[in-house]
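Going down the list, the protein sequences come from chains G and X. In this text, residue positions in the first sequence follow the working numbering: the first is 1, and each later residue adds one. In this text, residue positions in the second sequence follow the working numbering: the first is 1, and each later residue adds one.
Warning: the hint list may mix true and false statements.
Below 25 Å or equal to it, Euclidean Cα-Cα: the simulated SDA-like pairs (lysine to any residue) are [as the list claims (entries may be wrong)]:
(1) G/Lys41 to X/Gln80
(2) G/Lys102 to X/Gln14
(3) G/Lys102 to G/Glu84
Footprint (simulated), chain X over chain G, 3 or more residues, beta carbon under 8 Å [said to hold, decoys possible]:
(4) 59-68
(5) 101-111
Have a look at the derived ranges for each label pair, beta carbon to beta carbon [what the hints assert, rightly or not]:
(6) G/Lys41 to X/Ser30: 36 to 46 Å
(7) X/His12 to G/Ala80: 40 to 50 Å
(8) G/Glu67 to X/Tyr10: 30 to 40 Å
(9) X/Thr77 to G/Arg63: 28 to 38 Å
(10) X/Gly53 to G/Leu114: 46 to 56 Å
Hint data in this document are derived by calculation from the structure and do not stem from the laboratory. Just so you know, even glycine gets a beta-carbon here, dropped at the ideal spot from N, CA and C.
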Amino acid sequence: DTEVTQTPKHLVMGMTNKKSLKCEQHMGHRAMYWYKQKAKKPPELMFVYSYEKLSINESVPSRFSPECPNSSLLNLHLHALQPEDSALYLCASSQGGRGVEKLFFGSGTQLSVL
Amino acid sequence: GQQVMQIPQYQHVQEGEDFTTYCNSSTTLSNIQWYKQRPGGHPVFLIQLVKSGEVKKQKRLTFQFGEAKKNSSLHITATQTTDVGTYFCAGLTSGTYKYIFGTGTRLKVLA
Chain G
1 DTEVTQTPKH LVMGMTNKKS LKCEQHMGHR AMYWYKQKAK KPPELMFVYS YEKLSINESV
61 PSRFSPECPN SSLLNLHLHA LQPEDSALYL CASSQGGRGV EKLFFGSGTQ LSVL
Chain X
1 GQQVMQIPQY QHVQEGEDFT TYCNSSTTLS NIQWYKQRPG GHPVFLIQLV KSGEVKKQKR
61 LTFQFGEAKK NSSLHITATQ TTDVGTYFCA GLTSGTYKYI FGTGTRLKVL A
């Protein structure tokens, strides 16, 4: 199994809602990532978990809250988002978390904030 | 901060023509990766280059890492309609453990 699975594929939420994005991989990878991608732009790194510990937070607003319950799962909790947060949210994983391996991306969650 | 730029931003080619995208970093890189993202899809890893001056080939694709490890290129020979998508380079600076994606080159192949 060489897949990274993300749910839901699409999400529409209001600015007062609370929602969560989920990501799962069963490749035994020890690093997991959240990226944000706006239309026609490159992916922007948000968070990195290495061995289930948060190792990088790219100064992301606190309305985005990551969680890594175990080595296979990664969540992104969303609260009080703004319309400008609408984007494709991509989860990725890599083997060892040392930053020198290839990234396996999920198909993403397309988020719209109304 | 570190910036990774790609040129051109867009490229339209006739099927069978060659295509090249160039990636330039403001800082020296320890290695570089290339990804392809099809329209409506997610980035898919193509290759990783580590050594100065390294050249790697995958069928019709040729990847090169510059001698100064600040630039890279991807060349596609005889493009096909299946090559359509956006090609991103992603550079890693030593000690940072995070890849910075380039601005991307969107390729359209006309049949």
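(request) Taking the numbered hints from earlier one at a time, note which ones the structure violates and give those numbers from smallest to largest. (result) 2, 3, 4, 6 and 9
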